[in-house]
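Each protein sequence line maps, in turn, to chains P and B. Going by the working numbering, the letters in the first sequence line up with residues 1 to 273, in that order. Going by the working numbering, the letters in the second sequence line up with residues 274 to 631, in that order.
Among these hints, one or two may not hold up.
To be verified - Sample of chain B residues lacking proximity to chain P, with all beta carbon distances greater than 12 Å (derived):
{"no.": "1", "residue": "N368"}
{"no.": "2", "residue": "K377"}
{"no.": "3", "residue": "A397"}
{"no.": "4", "residue": "L429"}
Claimed, not checked - Facing chain P, from chain B, some residues (calculated, C-beta under 8 Å):
{"no.": "5", "residue": "L297"}
{"no.": "6", "residue": "T350"}
{"no.": "7", "residue": "F360"}
{"no.": "8", "residue": "T364"}
{"no.": "9", "residue": "Q367"}
{"no.": "10", "residue": "H376"}
{"no.": "11", "residue": "A380"}
{"no.": "12", "residue": "A493"}
{"no.": "13", "residue": "Y495"}
{"no.": "14", "residue": "L517"}
{"no.": "15", "residue": "F629"}
Because the hints were derived from the structure by calculation, they are not lab data. Just so it is clear, CB atoms sit at the ideal spot from N, CA and C, and this is done for glycine as well.
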Amino acid sequence: MLRRRARFPWARFLHRAFVALMYLFMLCPLIVVVWLSFFKDAILYFPPSGYTLQWYVKAWANEAFANGFVFSLQVALLAAVCGVVLGVMAALGITRYRFAGASSVNTMLLSPLLVPGIVAGIAIYLFYLRAENTLDRDIVGTYGGLVIAHVCLTIPWTVRLVTASMAGLDPSIEEAARNLGASGRVAFMRITLPMLRPAIVAAALFSFIVSFENLELSLSLVGPGHTTLPIAIMQYLEFNLDPTIAAVSSVQILLLGLIMLVTDRFVKLSQVV
Amino acid sequence: MAKVTLESLHKQFGASVAVADFSLEIADGELVAFLGPSGCGKTTTLRMIAGFLAPSAGTIRIGGKDVTDLPVHKRDTGMVFQRYALFPHMTVAQNVAFGLEMHKVPAAERDGRIRNVLDMVRMASLRDRYPRQLSGGQQQRVAIARALAIQPKVFLLDEPLSNLDAKLRLEVREEIRALQQRLGLTTVFVTHDQEEALAVSDRMAIMHDGKVQQVGTPDAVYERPANRFVADFLGKMNFFQGGLAEGGVFGTAKGARIRVANDLAGARHVGVRPERVRLATAPSGGNALPGVVESTVYLGSQLEVRVKLESGEAILSQLANGSNGGADAGVGIGGTPTQAGTRVYACFEPADCVMFAD
């Protein structure tokens with residue numbers, strides 16, 4: 001060890017430098033965005049003539065952003081909850097019961113990850129139009145329609161994480177509970193579900209994030225008065241290029257970062273993902 | 274506790290028969306070991322008694338009551354699993370409390386019962402630990418306490434010692450036997466380890482290919498195996514193929530003549546345990562087959578000597594270290610007759626010969 005260190009001091013240095021550069025590369029966009037949000041000038045100008053908080057005030061005053069933020073929050077929460085419940089049930093079905101086509105069902109549930117968001121968005125849009133004709137009621141542009149689409153987006157995360165976690169469980173633990181007098185339902189609720197908790201918490205977190213920041217899928221499905229934050233940002237960008245966007249993004253980064261930190265306190269994410 | 278009755282139990286998975294026509298009555302307070310190689314159906318039978326598997330045919334009674342169609346959680350069996358199967362998110366005490374809660378034991382009574390069973394397995398001081406903080410032996414003790422806390426009618430053990438190391442295996446084995454005797458537990462103990470089964474059971478059921486080969490006390494099964502599978506599976510056995518030549522004499526296929534105590538018409542094999550075969554330089558006893566020492570294996574407490582008989586057959590002799598020393602003119606450990614190439618007589622009594630029809 002000593003000898004190696006003596007012979008290749010530059011190797012260790014290179015390794016560290018590489019790691020540091022990788023982190024910088026990943027964090028750079030975030031850092032720049034946050035930095036820009038404090039620039040004084042309305043037109044991006046480098047170096048800035050001064051710093052200010054006015055863009056945060058402006059962003060909050062902009063109704064499209066404030067409403068979009070609240071709307072996105074609602075959609076993401078609901079989509080995450082529904083997606084996790086459905087995803088856990090699907091994962092249980094796939095792992096517990098040997099039925100013909102179990103693996104194709106698994107692949108199908110994961111497929112929303114494979115289809116480009118814009119394509120999936122248009123496909124769902126066309127499906128909704130057809131459904132509107134048949135059912136004779138509004139779906140496109142409604143809150144429910146958007147949530148259902150986002151649930152499709154969140155299910156793969158839950159299925160993936162919970163199936164992996166289920167595979168690692170010893171089936172005799174649930175059997176022991178049944179043997180001790182617990183019915184199948186009680187054994188599941190009291191024993192199996194708590195053992196799946198880390199996977200479920202992680203799944204909820206990722207579902208929320210995936211839904212909250214989704215742009216492409218939502219694009220064709222939102223209606224007037226129902227605009228998500230990413231869409232509000234995009235619409236604003238069509239006509240403006242001032243640091244308000246940076247301020248909005250900074251708030252979003254802060255929020256998601258906070259959620260991840262809080263989650264990590266309860267469940268070590270690195271152990272699940 | 275209660276007696277357990279299996280009546281013509283049968284289990285089939287698709288086309289393959291896992292358990293065929295298994296009938297057995299386990300008396301109140303008796304420990305029966307199911308012994309056999311893997312895939313013989315012993316665990317399948319245990320899981321049918323517990324209710325995890327439904328038999329394809331047959332009846333299971335616990336305490337005289339037909340439980341064949343009763344779901345797992347209403348059977349009142351206490352099961353111990355090979356991999357402990359403790360609830361990882363609960364402490365030792367909570368693990369034990371779970372079954373009591375499920376059986377609606379009043380909260381006031383629970384704590385006393387938890388303390389009681391944990392005392393029995395010497396785990397009371399670790400009641401607030403989590404399973405991951407315990408060693409394998411400690412985890413299995415908790416699993417035993419957890420199963421016994423609900424005061425089951427039957428105690429079921431599925432290879433409970435297989436995941437423990439050799440020394441611990443012995444310790445927990447003795448503990449299980451002592452508990453079982455003290456509490457008078459009707460117990461089924463599944464194992465693939467013959468020494469374990471011999472040491473712990475009142476009776477053992479030897480299984481092979483889904484069929485019960487023999488049921489009996491350990492000494493009965495060992496001394497009077499019902500067929501060649503049992504004889505070969507339990508310990509070692511020298512087999513000679515052939516047939517009865519005349520009354521009391523078995524002629525082997527290669528021409529050796531072995532005197533036997535009990536005639537069995539139509540016998541096709543005769544067997545003798547290696548520890549019943551003595552080696553001597555001069556013929557003695559009921560049978561003395563001449564031969565030459567071929568090889569010797571030193572096993573510490575024993576010496577295993579392989580002798581090539583003049584008839585061409587081979588016979589194995591097991592000598593306890595130090596036993597056969599002076600008495601037989603230097604035969605034994607360090608004595609010349611155990612060296613390869615030495616001419617010896619393999620001596621054994623007609624009463625030690627077992628005849629097999631298969």
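Going through the hints against the structure:
no. : hint : verdict
1   : N368 : 9 Å, violated
2   : K377 : 9 Å, violated
3   : A397 : 20 Å, holds
4   : L429 : 8 Å, violated
5   : L297 : 21 Å, violated
6   : T350 : 6 Å, holds
7   : F360 : 6 Å, holds
8   : T364 : 13 Å, violated
9   : Q367 : 11 Å, violated
10  : H376 : 5 Å, holds
11  : A380 : 16 Å, violated
12  : A493 : 32 Å, violated
13  : Y495 : 32 Å, violated
14  : L517 : 51 Å, violated
15  : F629 : 39 Å, violated
The structure fails to meet hints 1, 2, 4, 5, 8, 9, 11, 12, 13, 14, 15 from the earlier list, while all remaining hints are met.
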